[in-house]
Amino acid sequence: MLSTSINVIDDVTVRSLVTHRDAIEVIRSVYADYGRVGTVLSNPPAMLMAPLAAESAAFKVKGAHVPSQGISGFRLIADRMIDGRESTIDLCWVADSVTGKVLGVIDETWLHRVRTAMTGVVAMTYLARPKSRIATIIGAGQISNELPAGLAQAFDLDEIRIVSRRIETAQALAERNAGACPIRALASIDEAIEGADIVITCSSSESPLVHAAQLRPGMTLCSLGGGPELASDIVERADLLVVDDFAYACTIGSVHGWIEAGIAPDQLRGRISANIGEIAADPARIRRNESDVVVAVIQGMACCDLALAGLVLDRASGRRSAA
Numbered sequence: 005m006l007s008t009s010i011n012v013i014d015d016v017t018v019r020s021l022v023t024h025r026d027a028i029e030v031i032r033s034v035y036a037d038y039g040r041v042g043t044v045l046s047n048p049p050a051m052l053m054a055p056l057a058a059e060s061a062a063f064k065v066k067g068a069h070v071p072s073q074g075i076s077g078f079r080l081i082a083d084r085m086i087d088g089r090e091s092t093i094d095l096c097w098v099a100d101s102v103t104g105k106v107l108g109v110i111d112e113t114w115l116h117r118v119r120t121a122m123t124g125v126v127a128m129t130y131l132a133r134p135k136s137r138i139a140t141i142i143g144a145g146q147i148s149n150e151l152p153a154g155l156a157q158a159f160d161l162d163e164i165r166i167v168s169r170r171i172e173t174a175q176a177l178a179e180r181n182a183g184a185c186p187i188r189a190l191a192s193i194d195e196a197i198e199g200a201d202i203v204i205t206c207s208s209s210e211s212p213l214v215h216a217a218q219l220r221p222g223m224t225l226c227s228l229g230g231g232p233e234l235a236s237d238i239v240e241r242a243d244l245l246v247v248d249d250f251a252y253a254c255t256i257g258s259v260h261g262w263i264e265a266g267i268a269p270d271q272l273r274g275r276i277s278a279n280i281g282e283i284a285a286d287p288a289r290i291r292r293n294e295s296d297v298v299v300a301v302i303q304g305m306a307c308c309d310l311a312l313a314g315l316v317l318d319r320a321s322g323r324r325s326a327a
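Under our numbering, the residue at position 140 of the sequence shown is numbered 144, and the numbers go up by one with no gaps.
Everything labelled a hint here was simulated from the structure, so no lab data went into it. From a predicted model like this one, the values you see are computed outputs, not experimental measurements. Quick reminder that beta carbons are idealized off the backbone N, C-alpha and C, glycines included. Careful: at least some of the hints might be erroneous.
Unchecked claim - Beta-carbon label-pair distances, calculated as ranges: (1) G266 to A62: 35 to 43 Å; (2) G266 to T103: 44 to 52 Å; (3) E29 to S9: 39 to 47 Å; (4) R275 to K64: 38 to 46 Å; (5) D87 to A265: 28 to 36 Å; (6) P48 to D237: 39 to 47 Å; (7) T255 to I93: 19 to 27 Å.
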């Protein structure tokens, strides 16, 4: 029985309580939890509910535990098309893992973008060469807008390159993030990838953007988008292949695209070197050579959203101070 009102934290307050550096530290901790505990996600990882009509919202629920914070909860997502553009309502419902008491509900409008971007950045800190100097971002949407700050904090970069379908959107993103490190917009994916140490795709593309022939020795490639961003020939080209949660990855994004292209799930599972939690818990689990091509598909785990929501609640109540 609810004996008290529920604490609801709005998006403006959330933005004032969390930084990109906070997100990087929290996600590293959550990934290590995942590697040690194993089962931190709901079963199934996501539950979908189709819209009642074409103009109605589609719903998704993703559950998780965060053992290190003693919290459990759910991401609650409602997607709706308005004038040809997707509008999303993102909330995170947080409860005490032992008592089940509701601790709060967080508006994830901005926090989810940061979580998505920083999971890619954290994955790169484990997988990319430490002396990586050039990072390329393919896609210039709202999530990509959070990537330059995180990459600049995690690596000593000489340059960040941005490429998207329209050069104008790439230029706008570069201008908004001009203070992170030297950053420029390019018109073609081939040009943007050439010589890059790190490549992160974060797009709404419905067809592959990167193919095996474009990869070079030593490159680390990470796919964050919900479509088939990476061509299926990359599976055989990769020296190391990493995912976050394999079951969920099979339903969306590049891994789903590979399955649609005819690669059996069991064959894909056999190609995977480790999941990101196993690497976070034991970085020595994989050893890369300087020339290895490393590919990661990071589709997002609700435990990361939940941990950041827990941080927001703690900061709002004064239980944890800002770094």
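Inset, instruction - Can you let me know if the beta-carbon spacing of G266 and T103 is within 44 to 52 Å? - result: holds (48 Å)
Inset, instruction - Given the hint of 28 to 36 Å, check if D87 and A265 actually sit that far apart at their C-beta atoms. - result: holds (33 Å)
Legend entry - Supplied distance hint 39 to 47 Å, evaluated on CB atoms of E29 and S9: violated (31 Å)
Legend entry - Hint check for A62 and G266 - Cβ pair distance inside 35 to 43 Å: Once the Cβ atoms are compared, 28 Å apart, the range 35 to 43 Å for A62 and G266 is violated.
Inset, instruction - Please test the hint of 39 to 47 Å on the beta carbon pair from P48 and D237. - result: violated (29 Å)
Inset, instruction - Given the hint of 38 to 46 Å, check if R275 and K64 actually sit that far apart at their C-beta atoms. - result: violated (28 Å)
Inset, instruction - Could you say whether the range 19 to 27 Å given as a hint is met by the Cβ separation of T255 and I93? - result: Holds, since T255 and I93 (Cβ atoms, about 21 Å apart) stay within the stated range.
Of the hints listed earlier, those the structure fails to meet are numbers 1, 3, 4 and 6, in rising order.
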